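Participant: Construct the entire structure; sequences and hints are all you get.
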Amino acid sequence: MKLNTSKYWLCALVFTATLLSCSNDDDNDMEPIAMATCDDGIMNGDETGVDCGGSCEPCEIMSMDPDFSGTYAQVDFMGRPGINTVLSANGDIKDMHNQAIPSEMGAMFQPGFETQLEALHDAYAIALGLTAADVDYQPNILGDILNGPDDDGFTNNPVSAEVLTTVLATDVIEVAPNAPTTYFNPGAGAPTYDGGIGLTGRTPQDDIIDVSLILLFGGGDGARFNGEGGLPLLVSDGVSLTAILSDSFPYLGNPE
Amino acid sequence: MAATAIFVAADHIDAPGSMGTSADIADYFAFEPTTGSDNTVFLVDLQSDVLPELAYGTFDEDVLTEINIDTDDDLVEDLVIQAIPRDGRMYFFGPVAPSATGRGSEVAINSPLGDVAISGSTAIVETTSNGVSLFAGPRQDPFYFDFFRFNEVVAPSPEDNSGFNNPGMDTFDGANTMTIAVEVPNTLLGQTTATNVLGVPVYKTWVTTNRKQ
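Respectively, the protein sequence lines represent chains A and B. If you read the first sequence in the numbering used here, its first letter stands for residue 6, the second for the next number, and so on. If you read the second sequence in the numbering used here, its first letter stands for residue 1035, the second for the next number, and so on.
Quick caveat, the hints were computed from the structure, so don't treat them as lab data. Here the structure is a predicted model, which is why all the values come from computation and not from measurement. Note that CB positions come from ideal geometry on N, CA and C, so glycine has one too.
If you want the footprint, here are the derived chain A segments under chain B, 3+ residues with CB under 8 Å:
#	segment
1	71-83
2	100-108
3	124-137
4	167-181
5	198-211
6	239-248
7	252-260
Facilitator: What follows is the structure, encoded as structure tokens:
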């Protein structure tokens, strides 16, 4: 190929002084000097994109990034599990809750939540043939964890129906950056509840149903409606985790 | 007291307005993945196949999922993490102060967090250079609850007032959901002055779905 090499070298020298152009189409392994092609996989010549635009076919207008424009309006909401569905008394309230924002929720939902909490107790009074006073909401064990136990477990306990529903009406999940995640753990249990902790997050394995039932129906020792002595079982739904979880992100098992 | 025929805890089979739609939030989790971790995990479960008539299986491109984080205890979001699908990938944005708080949202396109291919049965996970993990796709629904017995529990009668059964039956055994998962270093969320009722410093968080107008 020495002859061709010399020819191109001569062309290169001469090109700067004259308007001679050298063809490269007779030798495939010589780098083209000037002519671009529309199918060489290179953006060159007068192309405006790789092998398109200019003398080539027009480039399609291709957006490199997806379109995320527009405004989006809230259609559903969730904070803690179970709150809207258990304590919102009807579909209209549930729909309202799904489009609410936390800063407005206390005023909007606390009275109705308190009424519904008492109504759930009254329903059992009626069904059991008792008076409403026999089956009123009793302040729950969260108060003992907050303040230590009293002599009878719930006198002067601040977690009344009003206080509980005030906490629950502002429906957010708290997650602690620097404390272990515990939805609710009564610690040593009644009466001292030593080590009791909660409200630092929610994991997939947490039994949030039983926790919620205990706080709603468990009374002063967490076991008020435990299915014994003719009372209904309201502090547990009797089921445990059945799904497969994972130790690694995303911490949930493959679909079944 | 009348019990609505279908209403279930943890927002599964949700309120009439959003029940069974592609924007239905079935569940929400926020936790540290291991004791002492410096990360926080957020799992948002959308949709459910627990009943055949519910929408399930595809993330809706008109639905923006937004994790809201309040760090100063005023119950207004100081940060959001957003997720929205496009062409088989889930795009994440934030944590960033939102352009507007409350019921309206825009995608924070100037704060991309990363994106990940939407998984099939096997999980595809994306880990970004700043230590964030991302996932979007179908997962086993971890929720467990005796839903059918609950509907009877909230409408007791003289004939049936025994409450739950022990053992009960998990209505959600075998159910699946569409999960959006993000694990972030707490340094991306920053400090918080909010506390829970026990005085422990916490991020206060909630999740919304938002439909394109």
